[in-house]
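Student: Those protein sequence lines, which keep their order, are chains A and B.
Residue 77 in the numbering used here is what sits at position 77 of the first sequence, and the numbering runs on without skipping anything.
Residue 306 in the numbering used here is what sits at position 306 of the second sequence, and the numbering runs on without skipping anything.
What the hints contain is simulated information worked out from the structure, not anything from laboratory work.
Where a beta carbon is used, it is the ideal one built from N, C-alpha and C, also for glycine.
Heads up, some of the hints might be wrong.
[To be verified] Quick partial rundown of chain A residues pointing at chain B, CB under 7 Å, derived from the structure:
1. Arg18
2. Val38
3. Gln40
4. Val93
[Claimed, not checked] Ranges between beta-carbon positions, derived for each pair:
5. B:Ala84 x A:Leu62: 27 to 33 Å
6. B:Arg478 x A:Leu14: 51 to 57 Å
7. B:Ala84 x A:Met58: 25 to 31 Å
[As the list claims (entries may be wrong)] Every beta carbon over 10 Å from chain A, so not counted as near; a handful from chain B, in silico:
8. Thr46
9. Ala63
10. Gln232
11. Ala278
12. Leu414
13. Gly415
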Amino acid sequence: MSLTSEAVRRIAKLARIRVDDAEIAVLQTELNAILGYVEQLNEVDVEGVEPLSGGAQMAMRLREDVVTDGEIAEQILANAPDRSGNFFAVPKVVE
Amino acid sequence: MSLFDLTIAGAGAALAKREISAVELTAAYNGAVAALNPRLNAYITTTPELALAQAKAADARIAAGEAGPLTGIPLAIKDLFCTAGVRTTAASKILEPFVPPYESTVSGKLLEAGAVMLGKANLDEFAMGSSNITSGYGAVENPWKREGSDAKLVPGGSSGGSAAAVAARMAMGATGTDTGGSIRQPASFTGLAGIKPTYGRCSRFGIIAFASSLDQAGPMARNVEDCAILLQAMAGFDTKDSTSAERVVPDFRAAAGKGVKGMRIGIPAEYRMDGMSAEISALWEQGITWLREQGAEIVDISLPHTKYGLPVYYIVAPAEASSNLARYDGVRFGARVDGEDLIDMYERTRAAGFGPEVKRRIMIGTYVLSAGYYDAYYLRAQKIRALILRDFTQAFGKVDAILTPTAPSAAFGLGEKMDDPVTMYLNDVFTVPASLAGVPAMSVPAGLSAEGLPLGLQVIGKHFDEESVFAVSAAIERAAGFSALPALRAK
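Chain B extracted, bound-state conformation (with noise of 0.2 Å):
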């Protein structure tokens, strides 16, 4: 078996044993970034000497019996997060330079736990994206790919250079973060499982913000239970966050294993949207028979504001956004374009310094905020939100946890979906309701298309209830015995 086989507890438990030693298995994923890399742009910065060198400081914790099971742990850390001293560039020009003085608490946190940093992976810039096609430092590539064709296909996004580097075993783990879908997507799109969080689970302090009453940090992974080790590391209170949530970790990884007897699982009849296609339909199905099979209840329910997810999105994000980003101006951090004045360099430098999408949602959010519009657009849009709140809670006195596909389809290819915005914000129809509740939800791989592209279920729980999302979804993982592998892998 090759290390690039290992998952992070199987890699975990064969460090605690001393059968291999974190350098060496470092050693081997700074091989396969530096291999796949040049050619899948998965990471905007690798850092291969401080990977390393936490490598060994790993190897010392291990044989001093202070170890945990992160420790000695090669992952990508997305490049939206802080790293000190690391170049974070949240894959937009504006910020080419910066070099953070301070460290996110989340990748911090993976830090002590002993995990081993490889680089800082791609992403659409600012987080804004369903394809990574938005990075200022170029597109990343999925490693999978149809049958029988060498079409590039897009990784998803926001999370695609963390999804592609775990799928092609250039890391092990990643942390990614979710406004709208940006973790669950990329994980579907990529055959990773991966986990949005409760809001208020994982600490956003030092995440470079994008919508602030919708991003949260969360882990993907090759599996549940890595994702379950991961989240264990990630989350937890956090003063430096206003919304961190005060609460007890529990044990993510005791969760995933404690199947679905006698659970209530929700269907909702408003994700059979029209033009759904024959196969993700069937997947769903088969995700249903399979709980079924496992001792759950399944439960129609409705969640009859679903279809104003995604545009009550289009107008609460911006509008987050053109907020949060109003601080690059060219004058304390980043990168700056001399102008005639004051106001023409801050104009030059943002306009230089964004590319189009990020350009487009910090208009539209400076429109929907603006006098005279902000009722009819952004309070409205409010409104609307509480109304899917009140979907959810509504559904979650009488079901345990919800069922849906992840994502309309699978990957698509490099250049597809690009005849206007809306098209593209299609792909987070799915998603986007479980981020404007605040609620978790997780993607599991379950099956390939008739092209052989990973396709995945998602998991919607109750707020701060993460463990049963991990119970079902690890029921569906099992039951699903997903095992197949991109064509462009570490080996």
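Looking at chain A on its own, in the form it has when it is part of the complex (with noise of 0.2 Å):
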């Protein structure tokens, strides 16, 4: 299975990534050759095997839901690039 370049812009457009048009030959290339390289997985026989999702030996835990934090807007904001008062500011989104 190999990427178009069509699939490769869509791939972007997901990631949220901007592309050039001239980066996307290169792209294309170097994700086809990852891409390559991972088809050897199709060799193993995984029927009735449970996928494996973590590292760690154990349940998951749980605690009360409760408020363990707060109150820290000035550190939450602190990194912000953009804000106004406490809130986040973004470019204009609806009309």
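With the hints in hand, could you dock these two chains into one complex?
Tutor: Below, the structure written as structure tokens:
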């Protein structure tokens, strides 16, 4: 299975990364090299095997559903590229 | 003897006896950083004044009789650990302005133990790489040189700045993180010991996420004992990480002295890969002989799915990365590039902020998780990951630890292995399986290549049995008597 240039554009769009036309061909070659490399996984018999999602050898812990933090708006906003009062500011979304 | 010849254990003893002061030690290391960092680029950010203030506090603590083994010990902290009030970049331009308001659990534990932070060590961008060349803040130079050559070599990656800093004696030890080999491979390339503990042993809280089911913090230092001292302080349960293990942390330093008499050491047939260099093969044989001579029983084992480790990793890790790195959108923190509208702003911000390797991995991850391809790629990879874990579980029914080479070669030159991404990925062929299984693994320096570069052996243990890993690694270290030093270092 090989990615077309249109597929590369679609992936870039999904990933929210702006890609120039000149970069598409390079990415297409590189991504196809990686996908070609992982193709060998198709030869493994995985019938009846449960997928392993994580490295932890334990069940997820639960905790009480209570507030453990808060009242730190200044700290949270300190790194904002743009803010307005206690809000993150972004370009206008709705006209 | 110069201050730079002291190990962490040795400096700890000298500090306790008041033969040296923490300020004296930190000032010497600050000087080494100032002298060597312009060339080696091991640190992205240096914090000499903060380090001196911490050293003063350490001296006060020692005087009050409240010191521990890390009090006053100057360390490099990989710039993937959030440090309160100190810029943390993950070696990415997208985090260039980011100053965390909080401290990672692991770096916080080291500071609580009285350690001194010299600065934030360089790395591959978001820890994605095996050579440190993907850093947005410039490549790191390996302080080691091939005999008779001044060619610049890579320190390995992703913890390449940590490795170069400790090897060149610009730090006594360092934190690293390991997702597929990022502690062990650079340790091997720079003549250091480095351990990736069991997944869950160290808290991931405050470590900038790459692939959350694989990321694990660990120490890098000049010898096994120093790694044991560092890991002792770094490890432990943390309610802020949902995958942190609620387990008692054993005495790693004691474990390192246990010896290997009667232990069963597995040698996996599948790690003897086609094209393995004679040098690496001979080093491995030497390691086997050393362990046998110290009373271990050598057992041939099989890990049948070894060859699928790398391809599984290059689906699972990018998939998790594409999800983790979605947060860098120019809204809440980090750099922003303005656009015509919100989507355009996201796209321009991410195009400008991420380097080529990070973009490739995000795109691969996006693809393998996308509708119609999820089952064929991601789900299949997760199933084979389960088979890789089963291989280890079965092998550990027969043996106490496994011995393999750490990397397929010694450090290579800057600019080599750049033909295509997959060539670079092959560096991690021996380290990735342990990451996928979540088991602890350590690289220990075992010898020199024909060109005079360090080579490491890898010891893999059972889940939460770092003690055996330390015991076997220390046995190799004793037998190897590795004493070579890099060409560039503080003296």
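Student: Look at each hint and say if it fits the structure.
Tutor: Results of checking the hints against the structure:
{"no.": "1", "hint": "Arg18", "result": "holds (4 Å)"}
{"no.": "2", "hint": "Val38", "result": "holds (4 Å)"}
{"no.": "3", "hint": "Gln40", "result": "holds (6 Å)"}
{"no.": "4", "hint": "Val93", "result": "holds (5 Å)"}
{"no.": "5", "hint": "B:Ala84 x A:Leu62: 27 to 33 Å", "result": "holds (29 Å)"}
{"no.": "6", "hint": "B:Arg478 x A:Leu14: 51 to 57 Å", "result": "holds (53 Å)"}
{"no.": "7", "hint": "B:Ala84 x A:Met58: 25 to 31 Å", "result": "holds (29 Å)"}
{"no.": "8", "hint": "Thr46", "result": "holds (21 Å)"}
{"no.": "9", "hint": "Ala63", "result": "holds (34 Å)"}
{"no.": "10", "hint": "Gln232", "result": "holds (21 Å)"}
{"no.": "11", "hint": "Ala278", "result": "holds (26 Å)"}
{"no.": "12", "hint": "Leu414", "result": "holds (20 Å)"}
{"no.": "13", "hint": "Gly415", "result": "holds (17 Å)"}
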